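*Asks:* Residue numbers (our numbering), protein chains in the order written: chain A, 1 to 112; chain B, 1 to 114.
By construction, these hints were calculated from the structure, which means they are not laboratory data.
Remember, predicted model here, so these are calculated numbers, not experimental data.
Careful, some of the hints might be misleading.
[Stated by the list, open to error] What follows is a set of in silico ranges between Cβ atoms, one per label pair, in the way DEER data are often shown:
1) Thr18(A) x Lys14(B): 25 to 35 Å
2) Gln14(A) x Gln17(B): 47 to 57 Å
3) Glu73(B) x Arg51(A): 25 to 35 Å
4) Met19(B) x Glu56(A): 38 to 48 Å
[As the list claims (entries may be wrong)] With a Cα cut of at most 20 Å, we get these calculated SDA-like pairs of lysine to any residue:
5) Lys63(A) x Pro39(B)
6) Lys104(A) x Val88(B)
7) Lys104(A) x Glu73(B)
8) Lys71(A) x Val88(B)
9) Lys104(A) x Leu78(B)
10) Lys3(A) x Gln85(B)
11) Lys104(A) x Thr65(A)
12) Lys3(A) x Arg110(B)
13) Lys59(A) x Gln100(B)
14) Lys3(A) x Pro39(B)
15) Lys63(A) x Thr78(A)
16) Lys57(B) x Asp39(A)
17) Lys104(A) x Ser75(B)
18) Lys104(A) x Glu102(B)
19) Lys104(A) x Thr20(B)
20) Lys104(A) x Thr55(B)
21) Lys59(A) x Glu102(B)
22) Lys55(A) x Pro39(B)
23) Lys9(B) x Lys71(A)
24) Lys9(B) x Asp39(A)
25) Lys63(A) x Thr101(B)
26) Lys104(A) x Gly40(B)
27) Lys9(B) x Gly41(A)
28) Lys104(A) x Arg77(B)
29) Lys3(A) x Lys9(B)
30) Lys104(A) x Gln107(B)
31) Lys104(A) x Gly42(B)
32) Lys57(B) x Gly41(A)
33) Lys57(A) x Gln100(B)
34) Lys57(A) x Glu59(B)
35) Lys3(A) x Glu59(B)
Glycine included, each C-beta is placed from N, C-alpha and C at the ideal position.
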Amino acid sequence: SQKIEQNSEALNIQEGKTATLTCNYTNYSPAYLQWYRQDPGRGPVFLLLIRENEKEKRKERLKVTFDTTLKQSLFHITASQPADSATYLCALVTNSGYALNFGKGTSLLVTP
Amino acid sequence: NAGVTQTPKFQVLKTGQSMTLQCAQDMNHNSMYWYRQDPGMGLRLIYYSASEGTTDKGEVPNGYNVSRLNKREFSLRLESAAPSQTSVYFCASSEARTGQTEAFFGQGTRLTVV
Chain A
1 SQKIEQNSEA
11 LNIQEGKTAT
21 LTCNYTNYSP
31 AYLQWYRQDP
41 GRGPVFLLLI
51 RENEKEKRKE
61 RLKVTFDTTL
71 KQSLFHITAS
81 QPADSATYLC
91 ALVTNSGYAL
101 NFGKGTSLLV
111 TP
Chain B
1 NAGVTQTPKF
11 QVLKTGQSMT
21 LQCAQDMNHN
31 SMYWYRQDPG
41 MGLRLIYYSA
51 SEGTTDKGEV
61 PNGYNVSRLN
71 KREFSLRLES
81 AAPSQTSVYF
91 CASSEARTGQ
101 TEAFFGQGTR
111 LTVV
């Protein structure tokens with residue numbers, strides 16, 4: 001069966017450090033992978049999209065890598081700030097190609 | 001800049017009651033989606049509409065029906081609510097297939113079935 005796995009344990013890091021979140025998947029051949037941020041009581045907000053032929057993508061302090069051989073994406077936040085504290089969701093396209101399947105998310109806490 | 005608007009924001013139902021969750025987007029998007037989010041389960045797709053006039057089942061469609069009323073609106077109906085349907089419901093939209101373009105989410109409807 002298809003699975004998208006993200007670390008269930010919360011990630012606690014100090015302000016200024018780089019946070020690295022992992023997304024592993026099985027039984028998918030995704031052409032695209034997306035990352036979202038979700039704050040408590042709010043809907044997910046899109047952060048980055050990476051295509052299968054792209055190894056890395058950056059946006060300001062965010063960086064995403066996509067390794068289709070390892071079936072893994074890494075999401076990095078450099079120079080992390082307390083405002084980066086949230087749950088981060090990884091998402092892949094379903095087989096129908098029309099909707100996203102989400103991982104369960106990883107909670108990030110950045111402490112001053 | 002409304003984006004995706006869901007109504008209501010909160011709702012309490014008794015078992016067996018029916019209700020319709022409303023969703024509207026003002027971005028002229030073709031595709032719309034309904035997800036539910038439960039603790040420890042993540043976001044799960046209930047139904048989606050790839051374009052106006054079409055709807056398809058997602059991962060957890062049982063107990064729900066949908067209507068794509070027009071390009072802007074996509075409603076989710078619970079015909080006979082059950083406690084297992086207590087959840088947070090999110091509507092989303094995207095310009096095209098969501099893999100290729102970002103999805104925009106509403107603020108959610110928090111539903112409790114007692």
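*Asks:* Taking the hints in turn, state whether each one holds.
*Replies:* Status of the hints after comparison with the structure:
| no. | hint | verdict |
| --- | --- | --- |
| 1 | Thr18(A) x Lys14(B): 25 to 35 Å | 49 Å, violated |
| 2 | Gln14(A) x Gln17(B): 47 to 57 Å | 49 Å, holds |
| 3 | Glu73(B) x Arg51(A): 25 to 35 Å | 31 Å, holds |
| 4 | Met19(B) x Glu56(A): 38 to 48 Å | 45 Å, holds |
| 5 | Lys63(A) x Pro39(B) | 28 Å, violated |
| 6 | Lys104(A) x Val88(B) | 14 Å, holds |
| 7 | Lys104(A) x Glu73(B) | 27 Å, violated |
| 8 | Lys71(A) x Val88(B) | 30 Å, violated |
| 9 | Lys104(A) x Leu78(B) | 25 Å, violated |
| 10 | Lys3(A) x Gln85(B) | 23 Å, violated |
| 11 | Lys104(A) x Thr65(A) | 19 Å, holds |
| 12 | Lys3(A) x Arg110(B) | 26 Å, violated |
| 13 | Lys59(A) x Gln100(B) | 17 Å, holds |
| 14 | Lys3(A) x Pro39(B) | 17 Å, holds |
| 15 | Lys63(A) x Thr78(A) | 8 Å, holds |
| 16 | Lys57(B) x Asp39(A) | 27 Å, violated |
| 17 | Lys104(A) x Ser75(B) | 25 Å, violated |
| 18 | Lys104(A) x Glu102(B) | 18 Å, holds |
| 19 | Lys104(A) x Thr20(B) | 26 Å, violated |
| 20 | Lys104(A) x Thr55(B) | 25 Å, violated |
| 21 | Lys59(A) x Glu102(B) | 15 Å, holds |
| 22 | Lys55(A) x Pro39(B) | 32 Å, violated |
| 23 | Lys9(B) x Lys71(A) | 37 Å, violated |
| 24 | Lys9(B) x Asp39(A) | 16 Å, holds |
| 25 | Lys63(A) x Thr101(B) | 18 Å, holds |
| 26 | Lys104(A) x Gly40(B) | 7 Å, holds |
| 27 | Lys9(B) x Gly41(A) | 11 Å, holds |
| 28 | Lys104(A) x Arg77(B) | 25 Å, violated |
| 29 | Lys3(A) x Lys9(B) | 31 Å, violated |
| 30 | Lys104(A) x Gln107(B) | 18 Å, holds |
| 31 | Lys104(A) x Gly42(B) | 4 Å, holds |
| 32 | Lys57(B) x Gly41(A) | 26 Å, violated |
| 33 | Lys57(A) x Gln100(B) | 15 Å, holds |
| 34 | Lys57(A) x Glu59(B) | 30 Å, violated |
| 35 | Lys3(A) x Glu59(B) | 13 Å, holds |
Checked against the numbered hints given earlier, this structure breaks hints 1, 5, 7, 8, 9, 10, 12, 16, 17, 19, 20, 22, 23, 28, 29, 32 and 34; the rest are met.
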